[in-house]
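Colleague: Once you've looked at the hints, dock chain B against the given chain A.
Going down the list, the protein sequences come from chains A and B. Numbering (full-length UniProt numbering) for the first sequence: 1 to 197. Numbering (full-length UniProt numbering) for the second sequence: 1 to 197.
Keep in mind that the hints were calculated from the coordinates and are not lab data. Glycine included, each C-beta is placed from N, C-alpha and C at the ideal position.
Which chain A residues stay away from chain B? Per the calculated CB distances, all over 10 Å, these: (1) 146; (2) 148; (3) 151; (4) 169; (5) 174.
In silico BS3-like pairs for lysine-lysine, Cα to Cα no more than 30 Å straight-line: (6) B:195 / B:101; (7) B:76 / A:5; (8) A:5 / B:16; (9) A:35 / B:35; (10) B:5 / B:35; (11) A:5 / A:16; (12) A:35 / B:5; (13) A:5 / B:35; (14) A:101 / A:76; (15) B:16 / A:16; (16) A:195 / A:101.
2 protein chains.
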Amino acid sequence: MNSLKPIDELIELMAKLPGLGPRSARRAVLHLIRKRALLLGPLSEAMAQVATHARECLNCGNVGTSDICDICADEKRATGELCVVEDVSDLWAMERAGVFKGRYHVLGGTLSALDGIRPEDLRIPRLRDRVEAEEITEVILALNATVDGQTTAHYIADQLEGRVRLTSLAQGVPIGGELDYLDDGTISAALRARKDI
Amino acid sequence: MNSLKPIDELIELMAKLPGLGPRSARRAVLHLIRKRALLLGPLSEAMAQVATHARECLNCGNVGTSDICDICADEKRATGELCVVEDVSDLWAMERAGVFKGRYHVLGGTLSALDGIRPEDLRIPRLRDRVEAEEITEVILALNATVDGQTTAHYIADQLEGRVRLTSLAQGVPIGGELDYLDDGTISAALRARKDI
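Same shape as in the complex, but just chain A (with noise of 0.2 Å):
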């Protein structure tokens, strides 16, 4: 079936996207191939201008299409406030609440002594550079709460202590929050911070 070999290629290549396998890239490349004028071409040339123009932040690891990302390059977010976070995803997340007024720091990663992942090979160094460089005051570790996030947040801890405030996310029930879904650490952390009303 060598008339198929193009598709059979986008195929393979979608059902390397995280979420979809391969059953799911078949529907995907189906949908894409009915839609192929108002779809298909549209998404190569996105792909193409991103693929062309994405880059990383060299100051802190957000993606954008020039060096310095427009948080970095914006003089109203010097506020002093740096936002640690594990990944891009991250950052979007705190973007989209649109609440946090400072810059961000993307470390790419948790350490991970399973894995091999050390600070060096996380954005850690700069991390102490930039807390110097850019006259930074408090630095919030919003890290996930897995067990590799809160190491990683100790380990930065450990390095900044005494340099600059430190603070982190609260824990507690999240809104919405059923307390018969959560679990027992949400429910006991929430409840050891309690507030009066």
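Modeller: Showing chain B alone in chain A's frame:
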């Protein structure tokens, strides 16, 4: 955030794929940006190839890169058996099983009074023509075991009755299936069609 425009556009287009929502589209795009040399470039190129070359077979509705698909063009597959399926994905599933040696006819959907899909909206008139022109001796109705699929099968059977042998796929317990997890309809169909050992 103008520097994010190409990235946002790509996320918006990716979210239109079946099986991906805004959240998984963001994840997929971040993954693509990280692997832009290995994955994003080739994927963009593969999509451009498919966008340019993919077309539906004028004879059977299968997708390929020529006006007549490989199966219709293959003289060895002129066995007189014609397998009618709803969609190209069903044709691919049959081909993966690798047991059917005849040709296919892709309807492009099912009749549906609710959605206003009439026989002329599907490849049903074309099916009648093919039965004559290609000296078909058996039409296998391999439509999905849904209400719409079975309605369509009945309609086609009515149209072709007396002109050709009409068969449908056997219904029964799937290989590896556990009775406890099967619906009543499947169990009763399997019992009715029971075989001597």
